[in-house]
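Q: Residues per chain are reported as follows:
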Amino acid sequence: MTALHCIRCANELSAYLDGELPAAERARVEAHVEACAPCAAELAELSRSAALVESGTRMLEVDPALWHNLRVRVASLPRQPERPAWLEFLAGRRWLAAPAAVAAVAVIAFSVWLYQDRTGAERDLARYMNDYIKARETTGEIPGFTLASGNPFVQVSETSFSNPFRSEVR
Amino acid sequence: MSGRDSTIDGTPAGAEDLARWIPLAKSGDIGAFQKLYDGYARKILNFIYRMVPSLEEAEDLTQETFATVYQKLKSLKDDSKFEPWLFRIARNYVYQRYRSRPPVALSIDARDEDGRELHVLVDERKDPDEAFQAGELERVVQRVILALPEKYREVLVLSAVQRLSYQEIAEVVGRSLASVKTDIHRARLKVREQVKDYLRD
Numbered sequence: 001m002t003a004l005h006c007i008r009c010a011n012e013l014s015a016y017l018d019g020e021l022p023a024a025e026r027a028r029v030e031a032h033v034e035a036c037a038p039c040a041a042e043l044a045e046l047s048r049s050a051a052l053v054e055s056g057t058r059m060l061e062v063d064p065a066l067w068h069n070l071r072v073r074v075a076s077l078p079r080q081p082e083r084p085a086w087l088e089f090l091a092g093r094r095w096l097a098a099p100a101a102v103a104a105v106a107v108i109a110f111s112v113w114l115y116q117d118r119t120g121a122e123r124d125l126a127r128y129m130n131d132y133i134k135a136r137e138t139t140g141e142i143p144g145f146t147l148a149s150g151n152p153f154v155q156v157s158e159t160s161f162s163n164p165f166r167s168e169v170r
Numbered sequence: 171m172s173g174r175d176s177t178i179d180g181t182p183a184g185a186e187d188l189a190r191w192i193p194l195a196k197s198g199d200i201g202a203f204q205k206l207y208d209g210y211a212r213k214i215l216n217f218i219y220r221m222v223p224s225l226e227e228a229e230d231l232t233q234e235t236f237a238t239v240y241q242k243l244k245s246l247k248d249d250s251k252f253e254p255w256l257f258r259i260a261r262n263y264v265y266q267r268y269r270s271r272p273p274v275a276l277s278i279d280a281r282d283e284d285g286r287e288l289h290v291l292v293d294e295r296k297d298p299d300e301a302f303q304a305g306e307l308e309r310v311v312q313r314v315i316l317a318l319p320e321k322y323r324e325v326l327v328l329s330a331v332q333r334l335s336y337q338e339i340a341e342v343v344g345r346s347l348a349s350v351k352t353d354i355h356r357a358r359l360k361v362r363e364q365v366k367d368y369l370r371d
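From first to last, the protein sequence lines are chains A and B. Just so we're aligned, residue 1 is where the first sequence starts under the numbering used here, counting upward by one. Just so we're aligned, residue 171 is where the second sequence starts under the numbering used here, counting upward by one.
One thing to keep in mind: the hints can contain errors.
[What the hints assert, rightly or not] Covered stretches of chain B (in silico footprint by chain A; criterion: 3 or more residues with CB under 8 Å from a CB of chain A, positions within the stretch not fixed): (1) 234-243; (2) 247-261; (3) 351-357.
[Claimed, not checked] Simulated restraints, written as ranges between beta carbons of each label pair: (4) B/Leu369 - A/Pro78: 15 to 25 Å; (5) A/Ala31 - B/Leu194: 44 to 54 Å; (6) B/Ala317 - A/Trp95: 18 to 28 Å; (7) A/Glu30 - B/Leu194: 43 to 53 Å.
[What the hints assert, rightly or not] Residues on chain B that point at chain A, a partial pick, calculated with CB under 10 Å: (8) Arg220; (9) Tyr268; (10) Gln337; (11) Glu341; (12) Ser346; (13) Val361; (14) Arg362.
Derived by calculation from the structure, the hints in this document are not laboratory data. We treat Cβ as the ideally placed atom computed from N, Cα and C, and that holds for glycine.
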């Protein structure tokens with residue numbers, strides 16, 4: 001059994017008095033106090049002060065009128081309704097909280113990613129259309145485009161002017 | 171349910187006996203609720219009285235506590251935790267009252283159960299022999315307890331007066347077991363410091 005130092009022992013004295021120490025720790029405190037006069041004196045004084053508090057704290061009796069008042073009062077109080085079964089199910093399984101939170105974060109992150117991807121695609125399309133219309137308006141033709149058909153959206157670019165939605169640049 | 175001595179304060183029925191009334195009280199049985207009230211009202215009144223210095227206020231908060239118990243009992247999932255839950259409600263009412271009226275003001279108006287003003291400790295020491303007469307001792311101890319910082323006062327009262335185990339106290343105050351153990355020890359050291367002159371006599 002490892003010996004206790006005085007400081008450590010002093011910190012355990014209240015728990016010792018209250019019977020809150022495990023058996024092994026209790027035995028260590030008792031062994032130390034037997035061999036250490038200052039700690040024995042400390043324990044004796046704490047014990048006397050605890051006894052003083054105990055004898056000076058008489059338990060007050062409850063006035064019977066208190067129950068009668070309470071009885072009248074609770075008769076008019078609404079009681080908390082029963083919780084639905086699914087809420088009871090969840091309330092009894094707090095361990096579900098962490099995985100549920102992770103799943104919720106994952107769903108939110110995926111939704112944000114989808115939204116950004118969609119808005120990015122719309123932005124690219126708008127930029128492309130803007131460039132295309134500007135080119136038609138200024139030159140009447142599309143610079144850098146060689147018309148292969150009447151539909152400008154299927155034209156093949158020969159310059160750096162690119163359609164981000166078409167991968168078959170030649 | 172107390173880990174040390176559940177009958178030292180004269181509670182009429184043991185915690186195990188009282189626990190059987192909880193399911194009935196949950197279903198709205200007023201008789202079962204009264205059994206719980208009879209079993210715990212004294213404990214709650216005395217806990218609150220050691221936290222606030224007025225019997226009238228302690229009675230008022232005791233009634234509030236049990237009215238809340240009646241309304242919210244269904245939300246208590248583990249019936250074995252009834253007592254810490256009950257003390258937690260009482261503690262919440264005490265601190266709500268503190269917020270509306272700070273503890274400093276309470277200690278100035280401190281009165282004992284007979285409505286007499288609680289004297290400052292240093293004045294009591296003018297004549298220690300008299301101070302240790304039965305009624306005076308209670309007043310001195312109550313004054314010492316009220317002079318403790320709140321976090322020390324509540325754990326000391328729950329431990330030394332209510333005889334709750336450290337684990338139960340940790341559940342009531344929402345702090346760790348280690349923190350409760352340290353706070354109780356510090357509270358006892360402060361009390362000892364306050365009463366050391368009396369101890370010599």
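Q: Take the hints in turn and mark each one as holding or not.
A: Structure-based check of all given hints:
1. For a cut-off of 8 Å, the count of residues in the region 234-243 of chain B with a CB near a CB of chain A stands at 6, and the three-residue condition holds.
2. For a cut-off of 8 Å, the count of residues in the region 247-261 of chain B with a CB near a CB of chain A stands at 1, and the three-residue condition is violated.
3. Here the region 351-357 of chain B counts 4 residues with a CB under 8 Å from a CB of chain A, which clears the bar of 3, and the coverage holds.
4. In this structure the hint that leucine 369 of chain B and proline 78 of chain A lie 15 to 25 Å apart at CB is violated, the actual value being about 52 Å.
5. Separated by about 50 Å at the C-beta atoms, alanine 31 of chain A and leucine 194 of chain B satisfy the suggested range of 44 to 54 Å.
6. A beta carbon spacing of about 44 Å between alanine 317 of chain B and tryptophan 95 of chain A contradicts the range 18 to 28 Å that was offered as a hint.
7. As the Cβ distance of glutamate 30 of chain A to leucine 194 of chain B is approximately 46 Å, the hint placing it in 43 to 53 Å holds.
8. The beta carbon of arginine 220 of chain B comes within 7 Å of a beta carbon in chain A, closer than 10 Å, and the hint placing it at the interface holds.
9. Given the 10 Å rule on beta carbons, the hint for tyrosine 268 of chain B is violated: about 20 Å separates it from the nearest Cβ of chain A.
10. Residue-level restraint check for glutamine 337 of chain B holds (minimum Cβ-Cβ distance to chain A is 9 Å; threshold 10 Å).
11. Of the supplied interface hints, the one on glutamate 341 of chain B is violated, with its beta-carbon coming no nearer than about 15 Å to a beta-carbon of chain A, more than 10 Å.
12. At a threshold of 10 Å, the smallest CB-CB gap from serine 346 of chain B to chain A is about 14 Å, leaving the interface hint violated.
13. Interface restraint check: valine 361 of chain B against chain A, minimum CB-CB distance 6 Å, threshold 10 Å, status holds.
14. About 4 Å separates the beta-carbon of arginine 362 of chain B from the nearest beta-carbon of chain A, less than 10 Å, and the hint is met.
Going down the numbered hints, you'll see the structure goes against 2, 4, 6, 9, 11 and 12, while the others check out.
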